[in-house]
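Colleague: Heads up: the protein sequence lines correspond to chains L and A, in order. For the first sequence, our numbering gives the first residue as 1, with consecutive numbering after it. For the second sequence, our numbering gives the first residue as 1, with consecutive numbering after it.
The hints are simulated quantities; they were obtained by calculation from the structure and are not laboratory data. Treat the hints with care, as some may be off.
A partial selection of chain L residues facing chain A, derived with a Cβ cut-off under 10 Å [stated by the list, open to error]:
no.: 1; residue: 34
no.: 2; residue: 37
no.: 3; residue: 122
no.: 4; residue: 139
no.: 5; residue: 169
no.: 6; residue: 216
no.: 7; residue: 217
no.: 8; residue: 220
For every residue, glycine included, the Cβ atom is placed at its ideal position computed from N, Cα and C.
Protein chains: 2
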Amino acid sequence: MRIGAIEAGGTKFVCGIGNEHGDVEERVSFPTETPEVTLANVINYFRDKKVEAIGIGTFGPIDIDPASATYGHVTTTPKPGWGGYDFLGTLKKEFDVPFGWDTDVNAAALGEATWGAAKGLSSCVYYTIGTGVGVGVYSEGRLVHGLVHPEGGHVLVRRHPEDTYEGFCPYHGDCLEGMAAGPAIEKRWKVKASELPVDHPAWAMEAFYIAQAIAGTILLLSPKKVILGGGVMHQLQLFPLIHEQVQRNLNGYVNHPSVKEGIADYIVSPGLGDNAGLCGSVALGLEALKRS
Amino acid sequence: MRIGAIEAGGTKFVCGIGNEHGDVEERVSFPTETPEVTLANVINYFRDKKVEAIGIGTFGPIDIDPASATYGHVTTTPKPGWGGYDFLGTLKKEFDVPFGWDTDVNAAALGEATWGAAKGLSSCVYYTIGTGVGVGVYSEGRLVHGLVHPEGGHVLVRRHPEDTYEGFCPYHGDCLEGMAAGPAIEKRWKVKASELPVDHPAWAMEAFYIAQAIAGTILLLSPKKVILGGGVMHQLQLFPLIHEQVQRNLNGYVNHPSVKEGIADYIVSPGLGDNAGLCGSVALGLEALKRS
């Protein structure tokens with residue numbers, strides 16, 4: 001099989017070709033410019049690739065309601081030119097193949113459930129913690145949508161008692177994204193996150209916020225795996241700190257080995273590494289092909 | 001059709017017969033005693049009823065994993081005699097019909113999605129706020145399970161700045177249940193909740209806590225309806241207070257009419273009223289019959 005995949009990020013686009021085993025056979029990337037310039041690059045790339053389907057996992061917010069008149073559009077992003085842009089429709093005019101269309105984080109969750117850390121499981125939640133915080137949700141064997149798509153990066157968190165940083169989210173100030181995304185670390189400690197030593201108190205504070213959101217997710221959804229990706233999670237010293245804080249938050253209430261002795265194998269890095277997004281888009285394309 | 005339904009509560013059991021339209025044709029109730037006494041009453045009731053299936057929506061926590069050796073058991077409840085009891089197995093020995101088995105709140109969510117306030121929608125979340133707080137989750141047309149079942153009554157909340165009450169949850173102190181279930185209201189204000197006037201500041205504080213959990217649920221899952229049942233929610237003055245607080249928490253970030261001008265029709269009372277639990281158990285029985 002030849003499945004086209006588009007991982008559409010706010011700063012760069014990655015396009016590639018994958019197969020039904022999740023292997024990515026080739027890939028290119030280019031910066032995210034205006035939608036017209038960027039989609040022209042995408043169309044050029046796929047022009048002669050003879051793909052059977054295309055999966056798109058994109059930054060958002062996006063309209064994912066097939067019954068909506070603006071299905072396939074980017075909705076309210078501040079990114080110049082992209083607000084209201086008909087991303088999916090533009091590609092459908094060029095390629096007569098089935099299309100998968102979802103958020104980048106839902107794509108990553110599906111990729112992880114298909115070939116990665118949650119392979120064979122009926123549920124997982126994928127967090128990306130980088131310049132923002134995004135959440136993809138896979139439950140009972142399906143990606144979760146509703147009114148819109150999950151936006152769990154913006155849940156409220158309790159402030160750390162020693163934290164005086166006000167948070168940078170323009171909507172909520174000190175929500176999870178406002179307190180725990182990469183820019184919050186830099187603004188709070190006045191240094192790039194990558195320059196902080198692994199034993200710096202910044203990491204315990206970071207884990208404090210991330211663990212609250214994860215504990216809430218475990219309580220509400222009981223996912224079979226929690227996967228933490230994104231640039232901030234390259235700081236692997238965060239994992240044991242998060243494990244400990246999640247257990248402290250749950251305090252024994254959820255009675256399952258995965259959140260007790262097995263927690264190091266329950267809250268994990270992406271099994272697909274930095275390919276989670278692109279592989280996830282392959283998985284979206286495969287699902288679209290199966291439905292067609 | 002004749003579907004048996006069991007709404008198994010911590011203080012009383014309700015048993016009844018329903019049909020595929022969600023009509024409940026008859027019902028009985030009796031107090032929850034030891035499992036042996038209580039289940040003998042259940043078995044007696046259904047003995048000559050000629051039901052085609054039985055749905056059970058029960059207090060928990062329970063084992064809902066069909067692959068588990070203790071599937072159908074109550075797990076770690078402090079209720080005398082019930083911890084580890086084989087609730088489902090005891091009934092299966094007596095009645096050779098398909099059985100549905102889930103939590104009371106998941107049952108209520110399914111009932112509301114089948115015949116109630118979320119009829120025809122692909123998702124809803126059902127909160128019961130009474131002596132405790134429970135949450136049922138229906139998403140993409142299915143009830144949500146995972147490691148265990150949703151336990152969203154125990155999510156962390158931010159304390160109200162004027163609240164000095166410490167919370168009564170034995171696991172988490174001041175989680176949602178600890179701060180917002182009926183006993184918290186009584187302990188905080190030293191008076192029965194039902195005796196507080198409708199304009200008492202207790203209700204704004206109550207809404208403050210409930211709205212945090214709902215806003216978090218909307219962000220993570222984006223359900224198409226949020227349904228609030230249970231004894232505390234008989235205080236209908238809570239609804240506008242909750243609507244306002246949810247909007248304040250989201251602060252315009254989720255761009256959908258349901259959480260803006262349509263919020264009074266989005267966060268609502270159960271369409272099935274106090275029948276949500278029993279009708280939900282009928283719906284569980286119907287699903288079991290369809291699967292069989």
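Colleague: Sort out which numbered hints this structure fails and list those numbers smallest first.
Modeller: 1 and 2
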